[in-house]
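Student: As a plain string of letters, each chain reads:
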Amino acid sequence: MINDALKNLARFLLLILAQGLIIKNIDLGTYINPFPYVLFMLLLPFNTPSWLVLMLGFMTGLSVDMFYNTVGVNAAACTFLAFSRHFILQLLAPREGYESTMEPGVYSMGWPWFVSYAGILILLHHIFLFYLEVLRFKEFFHTLATVVLSSLATLLLVVIIQFLFMKPKTKSS
Amino acid sequence: MKNLLTFIYRNYFFFLFLLLEFFALYLVSRNNFYHRAGFVNSANGLVSSLNSTYTNATDYLSLKSQNDLLAKEVAALRSKLITSYIDYNVKTQKINDTAFKQQYEFIEAKVVDNSTNRRNNYLTLNRGKKQGIESDMAVVSSTGIVGVVEQVSDNFCTVMSVLHKETHVNAKIKKDGNFGSLTWDGTDYQAATITGLPTHTKLAKGDTVVTSAYSITYPENILIGVVESFGIKSGETSFTVKVKLCTEFKKLEYVYIVRNFFKNERKKLEEGNKYDK
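First to last, the protein sequences are chains A and B.
In terms of our numbering, the first sequence is residues 335 to 507.
In terms of our numbering, the second sequence is residues 235 to 511.
Accuracy of the hints is not assured; some may be wrong.
[Said to hold, decoys possible] Below are the DSS-like pairs computed for lysine-lysine, each with C-alpha atoms no more than 27 Å apart in a straight line:
#: 1; chain 1: B; residue 1: LYS344; chain 2: A; residue 2: LYS472
#: 2; chain 1: B; residue 1: LYS344; chain 2: B; residue 2: LYS399
#: 3; chain 1: B; residue 1: LYS484; chain 2: B; residue 2: LYS399
#: 4; chain 1: B; residue 1: LYS502; chain 2: A; residue 2: LYS472
#: 5; chain 1: A; residue 1: LYS472; chain 2: B; residue 2: LYS298
#: 6; chain 1: B; residue 1: LYS399; chain 2: B; residue 2: LYS478
#: 7; chain 1: A; residue 1: LYS472; chain 2: B; residue 2: LYS399
#: 8; chain 1: B; residue 1: LYS484; chain 2: B; residue 2: LYS408
#: 9; chain 1: B; residue 1: LYS298; chain 2: B; residue 2: LYS399
#: 10; chain 1: B; residue 1: LYS436; chain 2: B; residue 2: LYS478
#: 11; chain 1: B; residue 1: LYS497; chain 2: B; residue 2: LYS439
#: 12; chain 1: B; residue 1: LYS298; chain 2: B; residue 2: LYS436
To be clear, the hints were calculated from the coordinates, so they are not data collected in a lab.
Here the structure is a predicted model, which is why all the values come from computation and not from measurement.
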């Protein structure tokens, strides 16, 4: 349990720093702004209490806001993600239910499940984020393009990060 | 009352969500409308020190081009020195002038954080209250306008870049003095748009665009860019001009913050205009 908390704390710090110091400085034009820090929210274990998920969402978003000078925008989007996560998990639940101490990652849940789970949540998060940031109806389609392209980039990064830094669990354990 | 509490307790997940969401939106709106963000911005201690460490490390990568830029500027300034002019005006006397009073002061600052790829871009500079920086001061680079100081902490300040949806700069065609309003449409970090330019303006591709004296923030005649294309949109009675910005926002490392000694006087006077709201 404590081990789990430490692991998540380390993940939180690494992802926020990576987002604020590295990803933010990679310039891929106005249409592609990936936010892979949401991986922290995606990977919280299934048995995390729902109020804690909400609070963590808010804090994670606010920490990223500090780097991006967008006070509250990421916090709002990330809280929304934490809220939706609850329902998406219910929606995608396998028949036999979740193993409660597991994390919802690529290796534990398999490809199709993770891509739909992460895809939906990332899209929701990005829609909320970019429309809140722009807040102008005139630029609707430009923002839509940003949302779609950035979501794809984030999804790709989220999968790559798991491939690079997480070990698949061997079947015997 | 008890029922209400039970209801809230049973649906605490939803209410906690609402509470946090509204707090976040409150922060967004407060930041948008009052420019007072308190602790959650990159001018605060932890993030700004992280950012300056990061820039300290990455600065070395662009030393060469920065040196070139500085050398060019030194050359340009040196050519304006009194020693580089021939004094052929020997017959008139030099007057030690007391009629001119300094209006602008330029404070050199280093960019420790910068972005160009978002809809609303910001810079962070390593100058703050202790160096006399206040919000709403203009920021310019050696090649053109950069933005306006927004938030100030003890040693850092954040700058709303020209690449921002709230940008409105009073821009003037240098050749004939007609002016319009410059905005950024969020797609290209090298281009901005001027609207409201009267149709009798004689425009040509390559015309220089500078800041006009109407701007209370920027000094007059600071370079903005050059005209790239222009036309009249159907249904409008003025030119819409696409301008290529002269400031290279991706390469910014050193900029100047401009203090206008007469700003408060002018602002106070203009606020007195009763019907000008």
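Student: Now tell me if each hint is right for this structure.
Tutor: Taking the hints in turn, this is what the structure says about them:
1. Distance check on the hinted pair: LYS344/B and LYS472/A sit about 35 Å apart at the alpha-carbon level, beyond 27 Å; violated.
2. The hinted pair formed by LYS344/B and LYS399/B meets the criterion: a straight-line CA distance of about 24 Å does not exceed 27 Å.
3. Taken as a hint, the LYS484/B and LYS399/B pair is honoured in the structure, with Cα atoms around 18 Å apart against an allowance of 27 Å.
4. A hinted pair counts as satisfied when its Cα atoms are at most 27 Å apart, and LYS502/B with LYS472/A does not qualify at roughly 35 Å.
5. For the given pair, LYS472/A sits about 42 Å from LYS298/B by alpha-carbon distance, which is inconsistent with the 27 Å threshold.
6. Distance hint between LYS399/B and LYS478/B is fulfilled; the C-alpha atoms sit about 17 Å from each other, no more than 27 Å.
7. The suggested pairing of LYS472/A with LYS399/B holds, with an alpha-carbon distance near 12 Å, which does not exceed 27 Å.
8. Pair hint LYS484/B plus LYS408/B holds up; C-alpha atoms about 26 Å apart against a cutoff of 27 Å.
9. Taking the CA atoms of LYS298/B and LYS399/B, the gap is about 33 Å. The hint is violated against a cut of 27 Å.
10. With a C-alpha separation of about 18 Å, the suggested pair LYS436/B and LYS478/B falls inside the 27 Å cut-off, and the hint holds.
11. Distance restraint check for LYS497/B and LYS439/B: the Cα-Cα separation of roughly 34 Å exceeds the 27 Å cut-off, and the hinted pair is therefore not satisfied.
12. Straight-line distance between C-alpha atoms of LYS298/B and LYS436/B comes to about 40 Å, which puts the hinted pair past the 27 Å bound.
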